Amino acid sequence: MRRYKDTELGIKKLDFNEKRGMMAVYLTDGREVIVPIGMFPEIKRLRKSQREDYMIMDDQYFSFDAISKIFSVKDILKV
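Residues in the sequence shown are numbered consecutively from 4, following this note's numbering.
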């Protein structure tokens with residue numbers, strides 16, 4: 004997990020069904036961060052079924068089977 008401002012942060016889950024055009028990221032400290040998918044063009048180009056096919060690695064990173072880019076918790080928090 005990443006230490007961020009005296010808090011251990013990791014990614015528990017992604018959800019693309021909260022609001023249209025948004026991605027909800029559930030963090031290990033209980034917070035939910037909602038970001039526009041438009042901030043991540045590679046994710047925006049994915050079909051709905053491809054977005055649901057994600058993997059979380061070491062609680063810090065996530066990626067999708069359909070693309071090779073790896074995103075991090077830092078990418079989410081800087082948006």
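Keep in mind that the hints were calculated from the coordinates and are not lab data. Please read these numbers as outputs of a predicted model, since none were measured by experiment. Watch out, some of these pointers could steer you wrong.
What the hints assert, rightly or not - Calculated lysine-lysine pairs in the DSBU-like style (CA-CA distance at most 35 Å, straight line):
(1) K16 x K51
(2) K77 x K47
(3) K16 x K77
Stated by the list, open to error - Using C-beta positions, here's what the derived DEER-type ranges look like:
(4) N20 x P44: 19 to 25 Å
(5) G33 x S71: 29 to 35 Å
(6) D78 x N20: 17 to 23 Å
Ideal Cβ placement from N, Cα and C applies to all residues, glycine included.
Against the structure, the hints:
1. In summary, the hint linking K16 to K51 is supported, as the alpha carbons are separated by about 16 Å, within the 35 Å threshold.
2. For the proposed pair K77 and K47, the alpha carbon gap of about 19 Å is at most 35 Å, so the pair holds.
3. In summary, the hint linking K16 to K77 is supported, as the alpha carbons are separated by about 15 Å, within the 35 Å threshold.
4. Between N20 and P44, the C-beta spacing of about 20 Å keeps the proposed range 19 to 25 Å intact.
5. Restraint check, G33 to S71: a C-beta distance of roughly 31 Å satisfies the suggested window 29 to 35 Å.
6. Between D78 and N20 the beta carbons are some 21 Å apart, a value that agrees with the proposed interval 17 to 23 Å.
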